[in-house]
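Residue numbers (this note's numbering), protein chains in the order written: chain A, -6 to 305; chain U, -6 to 305; chain X, -6 to 305.
Careful, some of the hints might be misleading.
Since the list gives no way to pick one copy over another, a pair counts as held whenever it fits inside one copy or between any two copies.
EDC-like, lysine to aspartate or glutamate: derived pairs with alpha carbons at most 16 Å apart [claimed, not checked]: (1) Lys147 to Asp197; (2) Lys0 to Glu144; (3) Lys69 to Asp188; (4) Lys76 to Glu267; (5) Lys76 to Asp21; (6) Lys147 to Glu137; (7) Lys174 to Glu81; (8) Lys196 to Glu144.
No lab work stands behind these hints: they were computed from the structure.
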Amino acid sequence: MLRHIVKAQQFDKPWIEGFFGQVREMEDVAASGGSDALRRRIMATLFYQPSTRTRLSFEAAMCRLGGTVISTENAKEFSSAAKGESLEDTIRVVAGYADVIVLRHYELGSSERAAALDAAPIINAGDGPGQHPTQALLDLYTIEREIGRLEGLKVAMVGDLKYGRTVRSLAYLLAKFAGTKLFFVAPPICQIGEDIKAHLAEKDVPFAETGSLEDVLGEADVIYQTRIQKEAFSVEDLHGTDERSFQAFIITPELVSKMRQEAVIMHPLPRVKEISTAVDVDRRAAYFRQAKNGLYVRMALLMRILGQEKAS
Amino acid sequence: MLRHIVKAQQFDKPWIEGFFGQVREMEDVAASGGSDALRRRIMATLFYQPSTRTRLSFEAAMCRLGGTVISTENAKEFSSAAKGESLEDTIRVVAGYADVIVLRHYELGSSERAAALDAAPIINAGDGPGQHPTQALLDLYTIEREIGRLEGLKVAMVGDLKYGRTVRSLAYLLAKFAGTKLFFVAPPICQIGEDIKAHLAEKDVPFAETGSLEDVLGEADVIYQTRIQKEAFSVEDLHGTDERSFQAFIITPELVSKMRQEAVIMHPLPRVKEISTAVDVDRRAAYFRQAKNGLYVRMALLMRILGQEKAS
Amino acid sequence: MLRHIVKAQQFDKPWIEGFFGQVREMEDVAASGGSDALRRRIMATLFYQPSTRTRLSFEAAMCRLGGTVISTENAKEFSSAAKGESLEDTIRVVAGYADVIVLRHYELGSSERAAALDAAPIINAGDGPGQHPTQALLDLYTIEREIGRLEGLKVAMVGDLKYGRTVRSLAYLLAKFAGTKLFFVAPPICQIGEDIKAHLAEKDVPFAETGSLEDVLGEADVIYQTRIQKEAFSVEDLHGTDERSFQAFIITPELVSKMRQEAVIMHPLPRVKEISTAVDVDRRAAYFRQAKNGLYVRMALLMRILGQEKAS
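Bound conformation, chain A alone (with noise of 0.2 Å):
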């Protein structure tokens, strides 16, 4: 029985892929129109950040399943400036209310130390600059329901992978499948971190750097495109660095044409400008596929938490 999810890496191989047929599961039960299996159950989202879109994705799960929700976008009040109340304090009190928490919170550890506490079931939906292990499984459970294999793959990682922490966590867990190549397609100011190279050598898990898309194109089973965030880099780092530069990065039909038939574009989402609107109506665009997959991700995660293996 799985207690707390707190980062990408706790899971094994086998524990993915025998989670991966429960959340094939929920697929069904949600098109049946859901369960009952966690009826009377309470989940609480707490979160210290907003992020209506992974608040809504995990209140829909509970929804689906029967179950029932108390929810929080303003959790800094509980431990205002004024009051400062500590972040283990307000976990045990709401762990008095609720079944299970959906902590997001602004600080790198603190969903460890959350779930450190064991008062309650904790779910890490993003811990500031560190994981967000159910983005990283939905994204892994997409290319394989897209894809329909998760051996063998080649997939091409565009964008911010200096601070995306979705390519970090995904990188990480395709790691663990044997035959995959990465490709890390992004400027030189925001390409993967020495700690990810080291790892995929120590695991002998091929990998190129690039910095043109259209070089892996044609050989890519998943591109998956990340939003880079200017902002997030100083002045120095983009001195030099032009408009244009970052323009080679989004993908437009044209570019979609010199894909593989069978190749799917993945984003973490929201997009802006990375991926044209021309290409939504191509049927290679998974990311709106892949974020309802979330919602079936943690439907299967919430029922595992909550001691339900049969959501009938």
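Please build the complex by placing chains U and X on the supplied structure of chain A, with the hints as guidance.
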């Protein structure tokens, strides 16, 4: 089957008459403690502007029918300046979580754009200066419920007729019914727009404009009062318009004594000073019953949209 | 049948004793996973000030009993400067949507005004500097639950006794029980008000004031600690009151070692520094159990107000 609710003009007279029968049933359903007709259905309230009254009314409607709600009053955060997600993308994502989306947005036409995607049923809960069709339906339902008919009615609309979207929609709906006569009672700077007058002329609906509430009190079946939002007018517009000229439009017990016994006073609320609280005890004061009718109208709309004919 | 919960003084000793039996039953209901006793009932939480802890506690209580919740932490928006709706109008509207209204408002007497309308049952969840009766009930319940009786108790109240509304209400309730003795432990600028002392004198309840926590540790059955909100005091009040004089009121393991074995430490939370976290592991630290009792007390109150005698 109803798919989207975007504007008051989409409903014709036969539809309205059939629908109001279902609204009446919802009164019985609510009085008997609710129904499970929408069990396991999820409604998302996606509010880019807070409107607590409207939001709670929709949420209560869904709860009374056994459904569940996921909710945000921070929908702007989805598309914050830094992130810049389009409304279309947000709707596509939320459509993956919910069976129906109630949308409140500050931009004219936003609900039509959302409905055009057809990703999920959309209910327009106000699109800036545009439409608020569920308010228009509850206003019309209240008139029928209070007076007992929709034909041959004399309705006086009072206050801010220039910017008030509720009176504009209601005028449009009333024009569908035989024998309607409308009085527009307002200071010159707040009078009804030429477009509405042209529409009424085309439909052969008699109407009169006046600056005197007393002129119409003895004749009207319905006094529909609205709040004059002085901040909506420019200083030049207000030039020469003294406080007294607004005070003449306040409904007091003295004015109510000149109304017909079977007439009613309506108001979309919130009410500030434009109806004296001393009027509340008069049985002709229908505005709180009108607010409650919003619950029944929204219950019936949710039933229609989610394909349920019978509540039990 | 209970209609409104406005102030701690409305409950007499026989009512409290009967009620606490029902609270005890709610512990069993919650432990067995909840009940459907309040199925289809709607509770509105109408918070003009955010108080996430109190709100989530009420919402969890309603959910545990199978009811549903509509909620706002933005109730001020109902009556924003521009709109100016009265509390009375807001209550009348929300009473049309919900079966019970939990009201938190910044104005003294707001709950009494709302209850006077009798449009829906009102539960006061804090009215500014006034009352917070459900907190007072959960405090008293915790004492009975922890110590095993409500008569013959020696209770030390520590910290901000001048502005802390919880200690004032609790003192009032304890005065109803035979053999109560109260210690008021605070720096001179935070001592208990003359009105409470006059009330205790009238009821022949012995009490003592002291500036030394150590004086009472060996005798008290209950140490009720509160947070001293230094910002509540003027600079003149604080003149001559150095940091050390506040530190003497911090409960440390060393001080706890001087307490009676059967005694307990309570705190309304949030706790900042006034109880050392090293005390948390001591079984006499009852404050997190106290917070959880808030759930049971609110469940029992909702059962009473909504006319349910039995949870199963």
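Query raised in the report: Going back to the hint list, which numbers does this structure go against?
Result: Of the numbered hints, 2, 3, 5 and 7 do not hold.
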